[in-house]
Amino acid sequence: MVAPGIVDERPGRERQLVRFIVFGIALLVAVSGLTARMVYLQLVSGQTYQQLAVSNSTFQQAIPSTRGLIYDRNGLLLVANLPSYSVKIRPSDLPFSQRAMVVAQLSSLLKMDPADINTAIDGNPGSNFDLVRIAQGVPVATANLIAEEHLALPGVEVSVDALRHYTEGPLFSEVLGYTGAIDAATLKQLKSAGYQPDDLIGRAGVEDQYETQLRGSYGMETIQRDATGRQIQVLSTDSQPVAGDSLTLTLDTKMQQQAQTAVNWAMKASKLKSAVFIAINPQTGEILAMVSTPTYDDNQFAQGISNAQFQALLNNPDKPLINHAVGMQFPEGSTYKLVTGSGALADKKLTPTTLVQTHPYIQIGRDKYWDWNKRGFGAINIVSGFAHSSDTFFYQVAQMLGIQRLAYWARQFGFGAPTGIDLPGEVAGIVPDEKWKQDTFGQAILPGEAVQAGIGQGFDTSTPLQLLNAYAALANGGTLYQPQIVRQITGPDGSVVRPFHPIVLHKIAAPASVFTTMRRAARMVVTSGHTWNLRNEPFVVAGKTGTAEFGVKDAQGRLPYHNWFVAFVPLHGDVSKPDSQLAVVGFNEDANTVGNSATEMVKYFLQIHFGAKHDLRMFNLMKIGDFYGGN
Amino acid sequence: MGVLKAEPAKVQDWATTAVGAYWRAYDIQLAIYALLLAGLGLAMSYSSTVVTGVNPLDPSSNFLRGLMWSGIAVIVFMAATFFDYKWLKTFAWPIYFVNLGLLALSLVIGTGIGGAARWIAIGPLQFQFSELAKILMIVVLANYLAERHDRLGSLRVILGACILMVPTWVLVMLQPDLGTSLVLAGILAGMLFLSGASMKWLGALAGLVIAMVPIAWNYILRDYQKQRLLSFLNPASDPQGAGYQLTQSQIAVSAGGLFGRGLTNGTQDALAFLPVGDTDFAFARLAEELGFIGAVLVFVLFLVLLWRVLMAGYRSQDRFGTVFAAGIGSLLVFQLVVNVGMVIGLMPVTGIPLPFITRGGASLISLAVGLGILQSINIRQSRAEW
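In the order they appear, the protein sequences are chains V and S. Heads up, the working numbering is the position in the first sequence plus 166, with the first residue counted as 1. Heads up, the working numbering is the position in the second sequence plus 5, with the first residue counted as 1.
Take the hints with a grain of salt, since some may be wrong.
Stated by the list, open to error - Cβ pair distances, simulated, as ranges:
| hint | chain 1 | residue 1 | chain 2 | residue 2 | range |
| --- | --- | --- | --- | --- | --- |
| 1 | S | G267 | V | D404 | 25 to 33 Å |
| 2 | V | K357 | S | A221 | 45 to 53 Å |
| 3 | V | D404 | S | I220 | 57 to 65 Å |
| 4 | V | S661 | S | F264 | 50 to 58 Å |
| 5 | V | L183 | S | Q34 | 18 to 26 Å |
| 6 | V | Q264 | S | G76 | 40 to 48 Å |
| 7 | V | F262 | S | F264 | 36 to 44 Å |
| 8 | S | I225 | V | A478 | 50 to 58 Å |
| 9 | V | A192 | S | N60 | 43 to 51 Å |
| 10 | S | I114 | V | F262 | 29 to 37 Å |
| 11 | S | A221 | V | P249 | 53 to 61 Å |
| 12 | S | I114 | V | D404 | 52 to 60 Å |
Stated by the list, open to error - In silico negatives: residues of chain V with every beta carbon more than 12 Å from chain S:
| hint | residue |
| --- | --- |
| 13 | Q226 |
| 14 | I229 |
| 15 | A270 |
| 16 | G292 |
| 17 | L311 |
| 18 | A313 |
| 19 | F476 |
| 20 | N482 |
| 21 | D513 |
| 22 | K515 |
| 23 | I546 |
| 24 | G591 |
| 25 | L612 |
| 26 | K743 |
Hints were generated in silico from the structure; no laboratory data involved. Every residue, glycine too, gets a C-beta built ideally from N, C-alpha and C.
Bound conformation, chain V alone (with noise of 0.2 Å):
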């Protein structure tokens, strides 16, 4: 190694050459190390891996469909898409470590309150790698705050959707719905229909009801991203958006608001917690109006409602989230008397001239029964007891009929089953017979039961959409619709998808003859002053006023009740005749007017409707008090 002759100053140099081989030989152990590991990660497992590098980086994405629109019968829109911001954050993409941080400047920027955002990430209906709704309807200058601060913001992302607009406001909420967030259970049940974790969903009223229609279909593409999830590019659009279809309802706005109108004054007049108005086209059963008050606001639903408004709204005791003209039931009162008079005639237990003795009360067993008017009417036939509803007369035509008659008829008039109009949440109604006694209280309908169920108290309930299609085939002669309210639906191009078509439910299976007796009976209601001045209108109506008890007594003994008008307008002022295209029902829930308020609510209506001069509302019954007293 080292030549002769030449001073070497390195004493113990074989230690350190042995050193330096066995460094070479680490440095090469390592370095193999290194290979094997290499060619592990990219020889053996490489195609896993790049698998993996490409699904990092590549996603499939959902493009919207435009959501259909929404039309009243005469074109007016009411449903409007706009374009608006959202703010959704993907909790893969947001550290745990910084979600306290992104949640409190979210809070700040969107004037919401943290404990909302957190409730929105932690109610995630999809995986932690989907989005999450946080916000709709943000102002652009916040919009673009937020997606400046992205890199402080991890996760966050903004995307512009198209919110719903709803034209008319609250005017047609209960009708409408809303849209809104789309909820953990509903997805799971949809995601194969394409829906997505962030997405809107109809929630109510005809947003609900004609979800498929509306939505369209969601085309796909693949994009790439970042690692934040930011979209790099589009790849491929690998199926197409197809626009949602349009709806036009059977709704005429101008009624909608003359129908409000007349609801908004009752309800402020006498204080009432709660009223329905509808009207319908008996002809074809299509619904013209129908209001529920109280309401709420969809635009508030469809720009992100916050929790505590929500919670507001749901614990509210009056429902405004239901619609209650047809979510709700109530009982019918003496307007269910068409049932029992009807029903009694087809059955001929009477023909429309017997006379049937009325009393101050009838007893069964050890109970009165009493006539409202505590005194009896004499003996009269069936145009005279319904017109001046007597109880004691339909208490003994009830007898004559027997409950199972009864509730066949009632069910010939739609009682007790759902009417199957084009909106979510309805409800059937109770139509008590043998059976539904046996099934619900395990004994046998008992005599006074019996009596009761023919004026439309104890077990009976309906819809205030139930009674009002009853009188409906009443007032078209005896035909059964099936009401609607959605009149058309279009296609993005403009094809109707599906024409207005009336559906027959069936024939009630009277004959026509009944039809008329009872058309006379309702047109007497009216003229026998029964109704006081709404005879001295100018316009021909034919009705039936309810007064239905309910709940429990109070001090006095007397029972909280509702007051019902249900009516309809012959279409040339004759009521022999079926021609009517206009019944209305009006319903103000546990009134405690003096007089019957809903009867005044559907004459201001009328009145509205018709363009009636003289203003013939009676602003005394409409006071707070005793009905009982004032009677």
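Dock chain S against chain V, hints included.
Using the frame of chain V, we list chain S on its own:
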């Protein structure tokens, strides 16, 4: 040590010996391997610049900055070669204190990512003095160990070398820079081993260090450093946090396959899946874009470069040259194994750059200084060894 010793005879040698005699001993291979590695580093810098959408010829682009640093490095390399390394022995102590001074200055005026005090701005450029500290400490330790070559069996000398390292080590840890402090420890161990220090005492020392681990864990390591170590042991525990880089870099490496996706075609890094794709994780980008072939090329270049470095040490007729080469060799091996090991999931995440490949002016300049000194050692032996 401590006394300034001028060596006029050597200066005279330099002046009178024919230039050709020196350059016959110049290790052209060492220069070429280093240049090739630096070229690969520049290519990766180019790729990362293009992929992030920056014009590579933009004056502020990382690529152009890297090109400029490379130019400076070549000049520094040549200057270090011309400089007679024997003066380093004379100036070992001043160098030591200059080193400590620069590190202390970094702590005072330095800036860095996440509150660290690592970088000092020199004009438009940023310089990380802890990189230079590695080379300077190699000089100081080489001098110290060479002077005590006959007493390397004593614990005192070994402990002395350790104590010499402590101030530098503390200043680096204060920045805090776990990576550099580990490299310094690796250099110290490598130099002690290669200079022939007693295995008995080295073993005892290693045992002591291992025993210190629990203490270091509780009192020295910062939370993020612990987090990195924990997530190395179980990357799946926090795939979006500290384990994220590990998972993503392995995906990137694997995606490369045999031939790679081609320069600038890496997807992982381009889409920011690799959070520090042109710094500590540059090898992941290289492996994805240049594939297994490219990665093995890097390994081979490092092996042949290390071979030349160790040969320079072995050839050196004075102790200083041998131990200095041992220091440079230890530095290269340690950084190669730990950085690549980290990228491919064999080692925990520590901020240790891959020499030449990781972007960074200070690292490149420091390597140029170290390799330049080696060349200076090569050409200043009285004759070639073979």
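Violations among the numbered hints, reported as their numbers in ascending order: none
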